[in-house]
Structure formats: C-alpha cells, structure tokens
Amino acid sequence: RKEVEQDPGPFNVPEGATVAFNCTYSNSASQSFFWYRQDCRKEPKLLMSVYSSGNEDGRFTAQLNRASQYISLLIRDSKLSDSATYLCVVNLRDDKIIFGKGTRLHILP
Amino acid sequence: ETGVTQSPTHLIKTRGQQVTLRCSSQSGHNTVSWYQQALGQGPQFIFQYYREEENGRGNFPPRFSGLQFPNYSSELNVNALELDDSALYLCASSSGPNYGYTFGSGTRLTVV
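Chains A and B supply the protein sequences, listed in that same order.
Using our numbering, read the first sequence as starting at 1 and increasing by one per residue.
Using our numbering, read the second sequence as starting at 1001 and increasing by one per residue.
Please note: incorrect hints may appear among the correct ones.
If you want the footprint, here are the derived chain B segments under chain A, 3+ residues with CB under 8 angstroms [as the list claims (entries may be wrong)]:
| hint | region |
| --- | --- |
| 1 | 1041-1048 |
| 2 | 1056-1069 |
| 3 | 1100-1112 |
For each label pair, taking beta carbons as the anchor points, the in silico distance ranges come out as [stated by the list, open to error]:
| hint | chain 1 | residue 1 | chain 2 | residue 2 | range |
| --- | --- | --- | --- | --- | --- |
| 4 | A | R1 | B | L1039 | 22 to 28 angstroms |
| 5 | A | N27 | B | P1061 | 20 to 26 angstroms |
| 6 | B | R1051 | A | Q31 | 17 to 23 angstroms |
| 7 | B | I1012 | A | Y70 | 40 to 46 angstroms |
| 8 | B | Y1099 | A | E15 | 28 to 34 angstroms |
| 9 | A | R59 | B | I1012 | 40 to 46 angstroms |
| 10 | A | N65 | B | S1105 | 29 to 35 angstroms |
| 11 | B | I1012 | A | R66 | 44 to 50 angstroms |
| 12 | A | S68 | B | R1015 | 44 to 50 angstroms |
| 13 | B | S1007 | A | N27 | 32 to 38 angstroms |
| 14 | A | S68 | B | S1007 | 40 to 46 angstroms |
| 15 | A | N27 | B | S1105 | 36 to 42 angstroms |
| 16 | A | D57 | B | P1070 | 33 to 39 angstroms |
| 17 | A | R59 | B | P1070 | 38 to 44 angstroms |
Note that these hints are calculated values from the structure, not bench results.
Quick reminder that beta carbons are idealized off the backbone N, C-alpha and C, glycines included.
Based on the provided sequences and hints, a complete structural model is requested.
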C-alpha cells in the first residue's frame, strides 16, 4: 500500500458545485496533515492544516479521520479559480514528509 | 517578510557532473526541506534540516546531500548526475512540523 494515496482525477465540476477529495495514508504514526494547492508550473501553496476536529476556512473544509486513516477536503460553491491540483501531505513522526501525487480539479464555466 | 527564494531558476548539466542548488528560507523559519518533483507527480521528499542538522530523509541515494547554514539558508548537492535527476527541485521552509511549509518557486534542472 502506498504511503499516501489520492485519486488523480481529473474531477470536472461545474462552477458553483460542491466537490470532495479524499486521501488515505498507511502509517498510523503520522503526526500532522495538510492540504496544498498547486497551479500548473508553480510551487505548492499551503491551503490548510487538517485536524480531527475539522478545520474550515471560508468555502473550504478539511477533516481528519485517524481511525480510518484518511483526510478529506470539501470545496463548496466552487469557482473557476479553484482549478488546480490538490496535494495531500502527511508528516511522519520520524520527520519524513510524504506528498500524495495530487488530484486535478477542473471547474467548468 | 520575505518568502523562500531559490537559485538558480533553471540549470542544464551534463550526466556525471555535480550541481549545487541554493535556498534562502522565509524569515523566522528554522526548518528547511527539499523535494524533487517530476512532471505529473507529487513532490518527493529528499531530506529536511533543522538547526543545521539533517533530521529526516526520504528514499534518495547518498549522492543527494545537503547543508543548512546558521542563517537557516540551505544547499542541495547532487553528485554524479543521472538523466533521471532531471526535475523541478523545490525548497520549503517552516517554523516546525505542525505549521506547514512555504515553498520557493523551484529550480528546474535538466540533465543531458
């Protein structure tokens, strides 16, 4: 099983719709979790941290389920500018940082 | 507050050569990590430095080495370059493992 797995997509979603991504991780000793966004030919940018209690920032909600070892990202009222690749990131306790391969999102006008 | 800066932005090297990439961390950040990103893939963790000591390493051979300096800037050195080393190399800095990372815009390395 890969350390961090994401559905590569692409997800083609009409503007205004709600879209959800999941990411699973294999190491139960993982200590911190993040979602990053990466635009084409640009560097990744931190979108939000992920906690068991959930984390909401405007239209974006992230959730961690430690028992099932997955994290999720929900985007409500999607905008054209949300089109990007979304990367799931897991920090392991031995200070290794593992990125998923990313999920591509296309918001359609 | 300055962000993470990397140099050079682009580089072409010949197989077998050595290369040094540089990174200045964001002000106030004491942790730097390096990543290799091939086209269409997520970034692959190379290693991380905290206060000048390597404190985490991914699955990369010893010919990938690094340094962190007292001002928290960092270098990535790659010896005996191979064609498969062609990729975007990203540096990121953080104030700790629970705070997320700020990335530089990367160095695109082409090995011919």
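Could you check the hint for me, namely that N65 of chain A and S1105 of chain B are 29 to 35 angstroms apart, CB to CB?
34 angstroms, holds
Is 40 to 46 angstroms respected by the C-beta to C-beta distance linking I1012 of chain B and Y70 of chain A?
Roughly 41 angstroms apart at Cβ, these two residues keep to the hinted range, so it holds.
Looking only at beta-carbon atoms, does the pair N27 of chain A, S1105 of chain B fall within the given range of 36 to 42 angstroms?
Check failed, 30 angstroms falls outside 36 to 42 angstroms.
For Y1099 of chain B and E15 of chain A, compare the CB-CB distance with the range 28 to 34 angstroms and indicate the outcome.
33 angstroms, holds
Between the beta carbons of R59 of chain A and I1012 of chain B, is the distance compatible with 40 to 46 angstroms?
42 angstroms, holds
If you check the beta carbons of I1012 of chain B and R66 of chain A, does the distance land in 44 to 50 angstroms?
45 angstroms, holds
Within 40 to 46 angstroms or not, the Cβ separation of S68 of chain A and S1007 of chain B?
43 angstroms, holds
Check of the region 1041-1048 of chain B against chain A for coverage (Cβ-Cβ below 8 angstroms, three residues minimum)
holds (count 6)
Distance restraint evaluation - R59 of chain A, P1070 of chain B, Cβ atoms, bounds 38 to 44 angstroms
Given about 42 angstroms between the Cβ atoms, the range holds.
Indicate whether the distance between the beta carbons of R1 of chain A and L1039 of chain B respects the range 22 to 28 angstroms.
Cβ of R1 of chain A to Cβ of L1039 of chain B: about 25 angstroms, so the range 22 to 28 angstroms holds.
Are N27 of chain A and P1061 of chain B spaced within 20 to 26 angstroms by their CB atoms?
22 angstroms, holds
Checking C-beta pairs, does the region 1056-1069 of chain B have three or more residues closer than 8 angstroms to chain A?
holds (count 3)
Violation of the numbered hints given earlier is confined to hint 15; every other hint is satisfied by the structure.
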